[in-house]
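**Q** Chains as they are written, first to last, in my numbering: chain D, 91 to 750; chain L, 406 to 558.
Don't take every hint at face value.
[To be verified] Straight-line Cα separation of at most 30 angstroms, DSSO-like style, residue types lysine-lysine; simulated pairs:
(1) D:427 to L:479
(2) L:548 to D:357
(3) D:357 to D:427
(4) D:357 to D:472
(5) D:504 to D:427
(6) D:504 to L:548
[What the hints assert, rightly or not] A short list of chain L residues far from chain D (calculated; beta carbon distances all over 10 angstroms):
(7) 460
(8) 496
(9) 522
[Said to hold, decoys possible] Pulled from the structure, derived: some chain D residues nowhere near chain L, Cβ distances all over 12 angstroms:
(10) 99
(11) 167
(12) 231
(13) 326
(14) 331
(15) 335
(16) 388
(17) 460
(18) 483
(19) 535
(20) 610
Hint data in this document are derived by calculation from the structure and do not stem from the laboratory. Just so it is clear, CB atoms sit at the ideal spot from N, CA and C, and this is done for glycine as well.
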Amino acid sequence: MIPELGHYSLVLALALALIQSISPLIGARTNDSALMRLGNSTALMQFAFVALAFAALAACYLTSDFSVVNVYENSHSRMPAIYKFTSTWGNHEGSMLLWVLILSLFGALVAAFGLNLPATLKANVLAVQAWVASAFYLFILFTSNPFLRLADAPFEGRDLNPVLQDPGLAIHPPLLYLGYVGFSIAFSFAIAALIEGRIDAAWARFVRPWTLAAWMALTVGIAMGSYWAYYELGWGGWWFWDPVENASLMPWLAGTALLHSAVVMEKRDALKIWTILLAILTFSLSLIGTFLVRSGVLTSVHAFANDPTRGIFILGILVLFIGGALALFAWRAPLLKQGGLFAPVSREGALVFNNLFLTTACATVLVGTLYPLALEALTGDKISVGAPFFNLTFGPLFIPLLAAMPFGPLLAWKRGDLYGAAQRLMAAAGIALLAIVITFVAEGGDVTLAPFGIGLALFVMGGALSDLAERTGAFRLSFTTARRRAAGLPRSVWGTAVAHFGMGLTLLGIVCETHWSAERIVALRPEQTVAIRHYQLTFDGIVPREGPNYREQAAKFTVRSGGEVVGVMTPSKRTFAARGSTTTETALMTHGLSQLYLSLGDFNADGSIAVRIYQKPLVLLIWLGAVVMMLGGGLSLSDRRLRVGAPKPAQRKPALAPAE
Amino acid sequence: MRALALIATVLALQMAPAFAVQPDEMLRDPALEARARALSQQLRCMVCQNQSIDDSDAPLAHDLRVLVRERLSKGDSDGQVVDFLVARYGEFVLLKPRLEWRTVLLWAVPPGALLIGGATLFVLARRRRSLASKPLDDVERRKLTELLDRPNR
């Protein structure tokens with residue numbers, strides 16, 4: 091009964107989305123406020139029904155209803171309840187349901203909280219949102235229905251993939267989807283603006299909070315995914331340039347560019363056409379990511395060709411929305427009037443510089459990800475594009491971007507003073523230079539990139555602090571004055587500084603991890619000791635343990651530093667009976683921001699075990715930096731200007747008449 | 406989204422519950438071993454999804470790691486080892502494709518996008534500046550005088 095209820099709710103959501111696709115649009119054209127308002131109620135009801143469908147599937151999982159194919163294939167009665175719940179989206183069908191749940195959530199949020207939006211803009215936004223939603227409801231109902239039943243219910247399920255039985259599955263996909271799918275709002279706003287043929291600074295102000303919220307979720311979502319892979323996959327890496335990772339990085343790069351260009355549009359009424367294009371591209375990249383991950387095209391072009399239903403369906407959605415949006419853009423964008431002139435050296439100029447490098451970086455990731463697929467599909471030649479390619483091409487693009495980052499906020503709008511900005515960055519540059527020299531000497535004079543990486547990271551962080559110091563007058567004015575000025579600073583200024591500081595932290599973590607990570611790969615017998623940096627690890631022996639749905643062989647290690655015991659680490663190998671598969675569970679020991687990392691290899695016949703030991707200095711900064719970036723986004727989001735919204739003009743300016 | 410990568414890893418794990426570089430594979434000479442590690446990171450494990458043989462747990466990756474070390478021990482240069490593997494397994498084994506006709510577009514996009522983007526910006530900026538600094542024509546001048554002469558309210 092429950093699965094049927096879920097299935098039916100989803101069909102109802104589709105029906106509502108179809109109504110919402112059309113009626114607000116007609117309402118906006120004919121100025122019929124009743125039709126326009128219909129969009130609000132359908133958006134809210136749509137979310138209610140999708141939430142019901144999602145709850146139904148979750149209920150099937152929690153009660154281990156193995157008569158549902160999806161539950162049978164991805165769950166097991168002895169799994170802990172938290173993993174039963176998270177397996178709801180730990181599979182293709184369920185994760186698509188989560189996708190549309192978040193899509194409808196954003197639609198409902200616009201309907202509920204977009205009170206200050208002009209009526210026609212809101213109606214059009216909700217209509218576009220419903221187009222996307224309809225397409226994905228159809229995709230789920232026709233190709234990926236999670237509610238299908240089995241005629242004879244099996245006694246036991248086939249278990250969730252053991253690697254996914256981790257708290258990471260509870261956090262990472264929902265956050266990632268909040269970001270990914272959240273960009274659909276920016277897309278809908280862009281399409282609505284093109285339909286209306288009118289766009290102004292207020293538009294940017296409306297769209298910015300949604301973009302910021304999505305960006306925050308995506309930032310942390312990517313970071314959490316990276317941390318999950320770091321401790322789960324067991325070889326100490328935290329970013330692999332895997333196509334699946336690239337699929338989430340591309341919308342992040344484009345979304346970051348969008349955030350920055352929207353600032354220019356809001357403040358200076360410039361870069362309108364570009365901002366609209368970026369809004370379209372960002373969500374298009376989310377769609378491309380969904381296609382890459384969900385169609386199976388990554389596993390192999392041939393697997394895709396053998397069972398192409400899902401892939402072709404998403405490809406259809408992709409072509410329809412990206413092609414349609416770009417065609418609309420080409421047709422209507424010339425109607426949008428450009429405003430706001432600015433000199434190359436100015437805040438606007440700096441943000442354009444940011445956009446140039448971010449979009450180039452994004453294009454690099456896109457071509458690197460798609461090239462092998464395209465080449466194989468066209469010529470049959472197989473090539474690989476992996477980490478070495480991206481490190482060589484992506485890295486150099488980020489260096490000028492980061493080096494220029496501290497200058498941006500210090501430049502004035504319209505016409506900036508580069509020399510003045512440089513003077514204000516003297517302290518930051520001095521610290522960075524000092525760090526370069528110290529690292530260089532400490533490294534024994536070896537010419538590597540590490541000292542420069544450290545210098546760049548400190549420059550970025552120091553630049554963010556200099557900006558705040560400059561604006562509050564700290565070090566120049568009296569403490570009370572500085573404090574008053576600090577309290578008076580707009581939250582978005584704090585947000586910028588904090589987010590930029592976070593980027594510096596991440597860079598510092600990356601440089602330290604990449605350059606000063608120590609590694610030992612050894613075979614150890616019980617009672618043997620191995621040293622890494624200032625730690626000595628003694629292998630005490632193997633302890634068999636039993637979990638709820640697995641058995642594990644845990645290796646106990648006593649960790650000493652300077653003769654003192656500092657802790658015990660127990661990496662393990664788990665065997666899951668249901669799938670007959672094994673996973674390696676790494677053990678982590680955190681000291682400050684550094685980590686000791688232990689991962690097990692083979693158990694040898696002579697009683698020894700192979701272990702991989704890393705000491706990674708400041709590695710936690712990589713993810714902590716992302717959290718700080720998110721906090722910066724949050725500060726910016728809480729800015730009064732965005733909360734209160736744009737002032738409404740007493741009389742709406744006549745819409746720019748479309749040329750038809 | 407990482408699910409697929411993880412699933413691929415699990416598949417690899419199921420084939421051989423081993424892990425990346427094994428202690429018994431490693432060479433005694435640290436310099437040679439360091440070269441082997443660096444090379445391994447550039448080479449793809451062909452049965453895995455986008456993993457280098459240095460990271461991969463698959464038996465094939467193990468065989469390739471041993472092979473790389475054998476060649477290096479015999480005195481091959483890094484380039485010779487790579488050439489040998491490419492001759493045997495094709496370009497697919499390289500995680501960083503060589504620059505040749507079919508990969509021209511791949512290598513051209515990063516610098517190309519930056520150059521084209523930069524050039525576009527430069528042209529746009531110049532065009533707008535010349536537009537902004539253009540003197541007023543007669544109609545505009547008359548309009549301006551009208552506006553300026555109009556008494557307030």
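**Q** Indicate, hint by hint, whether the structure satisfies it.
**A** So, going through the hints one by one against the coordinates:
1. D:427 to L:479: Violated. Residue 427 of chain D to residue 479 of chain L sits at ~69 angstroms, over the 30 angstroms cutoff.
2. L:548 to D:357: Holds: residue 548 of chain L and residue 357 of chain D sit about 29 angstroms apart, inside 30 angstroms.
3. D:357 to D:427: With Cα atoms ~16 angstroms apart, residue 357 of chain D and residue 427 of chain D stay inside 30 angstroms; holds.
4. D:357 to D:472: The given pair, whose Cα atoms are some 48 angstroms apart, is violated under the 30 angstroms limit.
5. D:504 to D:427: 18 angstroms, holds
6. D:504 to L:548: Roughly 26 angstroms separates the two Cα atoms, so the pair holds.
7. 460: It is violated; residue 460 of chain L is separated from chain D by about 5 angstroms at its closest Cβ, not greater than 10 angstroms.
8. 496: 5 angstroms, violated
9. 522: 5 angstroms, violated
10. 99: It holds; residue 99 of chain D is separated from chain L by about 25 angstroms at its closest Cβ, greater than 12 angstroms.
11. 167: At about 21 angstroms from chain L, residue 167 of chain D clears the 12 angstroms cut-off, so the statement holds.
12. 231: 22 angstroms, holds
13. 326: Violated, since 9 angstroms does not exceed 12 angstroms.
14. 331: 7 angstroms, violated
15. 335: 7 angstroms, violated
16. 388: 7 angstroms, violated
17. 460: 10 angstroms, violated
18. 483: It is violated; residue 483 of chain D is separated from chain L by about 4 angstroms at its closest Cβ, not greater than 12 angstroms.
19. 535: Non-interface label on residue 535 of chain D holds, nearest chain L Cβ at 20 angstroms vs cutoff 12 angstroms.
20. 610: Given a closest Cβ separation of 9 angstroms, the condition is violated.
Of the hints listed earlier, those the structure fails to meet are numbers 1, 4, 7, 8, 9, 13, 14, 15, 16, 17, 18, 20, in rising order.
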